[in-house]
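Novice: Here are the chains, one letter per residue:
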Amino acid sequence: MFKKKVTVKILLLLIVSDMLETAVHFFFKKSTLSVSQGQVTDLSTAIVFLKAAFSSPFLWSGLLIVAVVFIIWSMILSKIDLSVAVPIASFSYILVPVVSIVFLHEQITALRWLGVLFVLVGVVLVSLSSKERTEQAK
Amino acid sequence: MKQGLLLVLSLIALTSLCDTINQLFLKSAIDSLNFTPTLNIIKIFKFIFQLIRKPRLWVGFGFSLISLCVWLVVLSKADLNFAFSADSMHYIFIALASWFVLKEKMSTWRWLGTGLIVVGIVFVSIS
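So the protein lines, in turn, are chains U and R.
The letter at position 66 of the first sequence is residue 66 when you use our numbering, and the numbering goes up by one with no holes.
With the second sequence counted from 1, adding 138 to any position gets you our numbering.
The following block holds chain U by itself, in its conformation from the complex:
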């Protein structure tokens, strides 16, 4: 049985989980920016860096949101198929670069946007193909 009906409520949940997912990556990046221990070059500097990163409130905020996203995502998947949910959720491939530009002042070239587009279409194709396979099996 396929659960395909994307209601307004599910769409809202998807948008919220997308935004939270983007927030997770933003917080993780913020936590590494807040570490002033310098460059990671080998294992010992990596341990010093990770100790500092794990004591950053940004990291724990990110991990907390991971748990919330997991719960919302379970709610979404109990209502619609994964092959329907993933393409809609792939919106975060656009959202993360936008957040990177606005809040982290990163620069994105046209070629990079083109790459993002390829990845996005690829992810959508991969998730759609899982639906095709299950339908053939029926």
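Everything labelled a hint here was simulated from the structure, so no lab data went into it.
Each hint can be trusted.
What follows is a set of in silico ranges between Cβ atoms, one per label pair, in the way DEER data are often shown:
#1 R:K215 x U:K5: 41 to 51 Å
#2 R:L189 x U:T41: 36 to 46 Å
#3 U:S34 x R:F187: 31 to 41 Å
#4 U:L43 x R:F173: 31 to 41 Å
#5 U:Q107 x R:K181: 48 to 58 Å
#6 R:K215 x U:F70: 26 to 36 Å
#7 U:H105 x R:K241: 42 to 52 Å
#8 R:M244 x U:A67: 31 to 41 Å
Beta carbons are placed, not taken as given, at the ideal position from N, Cα and C, and that holds for glycine.
Dock chain R against chain U, hints included.
Specialist: Chain R alone, transformed into the frame defined by chain U:
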């Protein structure tokens, strides 16, 4: 700079690989329980309780923790927008692992999608 890019890409490959191994352990733990999807909350909790007693699940979580640590090192070295796109490398690893390890059937569309992800990562990396 070129050498730095190679290092960051290798580290991203490492997190993706750890993620894939985590997914394989998770999938194997779930499959071993013979669970049919249900909306019954009690059955779901019973299932989760059985699941967390599987050692395989915790091996997977261990890899997931390694993946997080490596990911943080990646973020300290690279732009977020680059790292996020390049991280979709795990789609490639999962495709290969599903094919080789789990012997799942891969459709043409799935190969095409995986190919596009590869092209996208190359573009994002050279820009």
